[in-house]
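One letter stands for each residue in the lines below.
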Amino acid sequence: MNLTVNGVSREVGSAPLTTLLDVLREELGVTSAKAGCEQGGCGSCTVLVDGEPQRACLTAVGAFDGAEVTTVEGIGTADALSPIQQAFTHHYAAQCGFCTGGMLMAAVAYIERGGTDDREAIQEALAGHVCRCTGYVKIIDAVAAAARGDSFDLSTTASSAGMTNLGGVS
Amino acid sequence: MTQATEVLLPASPDEAVAQFGDGAGVTVIGGGTIVVPQLTQGRLKPAKAMLLSNAGLDTLATNGDSITVGAGLPVHRLAELADDARAVAQCALNVADYEVRRQGTVGGNICCDPGPDAPRGDLQGPFLALDAVARSVGANGETSTPLDEFLAHREGRLLLDLRFERPVASAFAALRYPHTHSYTVLAVTGVRSASGETRLAATGLAGLGARLRGAEAAADADAAGRAALEDVELADDALASAWYRERALPVLVRRVLSELEEAA
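Chains as they are written, first to last, in the numbering used here: chain A, 14 to 183; chain B, 154 to 417.
Hints listed in this document are in silico derivations from the structure and should not be mistaken for laboratory results.
Incorrect hints may appear among the rest.
What the hints assert, rightly or not - So the derived label-pair ranges between C-beta atoms look like this: (1) B:Leu-197 to A:Met-14: 20 to 26 angstroms; (2) A:Thr-147 to B:Leu-213: 37 to 43 angstroms; (3) A:Asp-131 to B:Glu-233: 18 to 24 angstroms; (4) A:Asn-15 to B:Gly-178: 51 to 57 angstroms.
What the hints assert, rightly or not - Computed from the model, here is a short list of chain B residues facing chain A with C-beta under 10 angstroms: (5) Gly-184; (6) Val-189; (7) Pro-190; (8) Gln-191; (9) Gln-194; (10) Leu-204; (11) Asn-207; (12) Asp-250; (13) Tyr-251; (14) Arg-255; (15) Gln-256; (16) Val-286.
As the list claims (entries may be wrong) - The following residues of chain A were derived to be distant from chain B, with all beta-carbon distances above 12 angstroms: (17) Asn-15; (18) Glu-24; (19) Leu-41; (20) Gly-42; (21) Ile-88; (22) Asp-92; (23) Cys-109; (24) Gly-110; (25) Glu-137; (26) Lys-151; (27) Arg-161; (28) Asp-166; (29) Leu-167; (30) Thr-170.
Treat the numbers as computed from the prediction; the structure is a model and nothing was measured.
Virtual Cβ for every residue (Gly too), placed ideally from N, Cα, C.
Please work from the sequences and hints to get the whole structure.
See the structure below:
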């Protein structure tokens, strides 16, 4: 079977009941989606499947032959952060970073479907994502800013250089 | 992870029925939100698994006052029934979170066993209160039975769809759950049918969802709240003690009956 991962067609040899999370991390080496609770409760494995956010840990890959999968690696690079990554950097919305990949992908989908900077709506959109550092206020600030289309001068954001791998490979 | 020795991928309802056969040894995976973690954790080691994602069971059809919900319909799409059966939409939007509601299916939610640590099967409540008819296949072919009867004998059967008559009014009340988990602690659904019958059902119990028949027969809302406690055995788990649920159930019953009165 094949998956298009971040725009690149990839052949997948894992068995059909293997989770998309294991396929991404173990077979394809795409590691921004994290294995947290592995039962759908923490949100850290969230990726986009055909444009919609989905728990990679709950997804048996055999049912998704031909699907388009987007992860953090597909939305920006260290040299060219996507708007949501810039917003997370500017608002210091990442602490340990473990939940950040899932938060980013859920936020991308939220903004893509017309989400606004309404804080209650953002909370609802991110309801399935747990931040063990409890950094929710700044995460919501960042998503609201990105939803408004705010622009940022990251050269003035302290320690931004250390955060350019936001939600990325580890 | 242990893999099933055989994985079935039906591409139509007919293929799903044919491949399911008599259901012997077949583990059905709808959206995967319940079964896949069990595979990952090694709690489930099926000899044969059927992935229903592409089987075309994700239908939602209205025919006059009759509404049919396919077993493969993602939970979030029940929100489309807000004008037809408000409680169904309310209950669906109370399930877990945005992503899980898109991935989980009506059939998976209806058919799941009670969780080991927390109640599951939120949708059993509204569909029991709606007196839904479950169409399923299995060893004795296709049958259509009341949902409570189906639930009691669902082992070895593949749920195809649920059919119910549009109610005059419906109401849903649940204990709120915190951000840190996604399980409904306790919920009550009420339905006022076209014939004037009031039906109540609850989830968050020690077992499957159940009708509150004693409460339905009670003279008033206060009596219904008390009677509900005789109708069911309450869960006693990590989310809430049975003691707590015992105090909350009458409140939810009264709230639902009050909403039904207002809507009528």
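Consistency of the hints with the structure:
| no. | hint | verdict |
| --- | --- | --- |
| 1 | B:Leu-197 to A:Met-14: 20 to 26 angstroms | 23 angstroms, holds |
| 2 | A:Thr-147 to B:Leu-213: 37 to 43 angstroms | 39 angstroms, holds |
| 3 | A:Asp-131 to B:Glu-233: 18 to 24 angstroms | 23 angstroms, holds |
| 4 | A:Asn-15 to B:Gly-178: 51 to 57 angstroms | 30 angstroms, violated |
| 5 | Gly-184 | 7 angstroms, holds |
| 6 | Val-189 | 5 angstroms, holds |
| 7 | Pro-190 | 4 angstroms, holds |
| 8 | Gln-191 | 9 angstroms, holds |
| 9 | Gln-194 | 8 angstroms, holds |
| 10 | Leu-204 | 4 angstroms, holds |
| 11 | Asn-207 | 6 angstroms, holds |
| 12 | Asp-250 | 3 angstroms, holds |
| 13 | Tyr-251 | 6 angstroms, holds |
| 14 | Arg-255 | 6 angstroms, holds |
| 15 | Gln-256 | 6 angstroms, holds |
| 16 | Val-286 | 28 angstroms, violated |
| 17 | Asn-15 | 15 angstroms, holds |
| 18 | Glu-24 | 18 angstroms, holds |
| 19 | Leu-41 | 17 angstroms, holds |
| 20 | Gly-42 | 19 angstroms, holds |
| 21 | Ile-88 | 17 angstroms, holds |
| 22 | Asp-92 | 30 angstroms, holds |
| 23 | Cys-109 | 17 angstroms, holds |
| 24 | Gly-110 | 19 angstroms, holds |
| 25 | Glu-137 | 7 angstroms, violated |
| 26 | Lys-151 | 16 angstroms, holds |
| 27 | Arg-161 | 21 angstroms, holds |
| 28 | Asp-166 | 32 angstroms, holds |
| 29 | Leu-167 | 29 angstroms, holds |
| 30 | Thr-170 | 28 angstroms, holds |
The structure shown violates the earlier hints numbered 4, 16 and 25.
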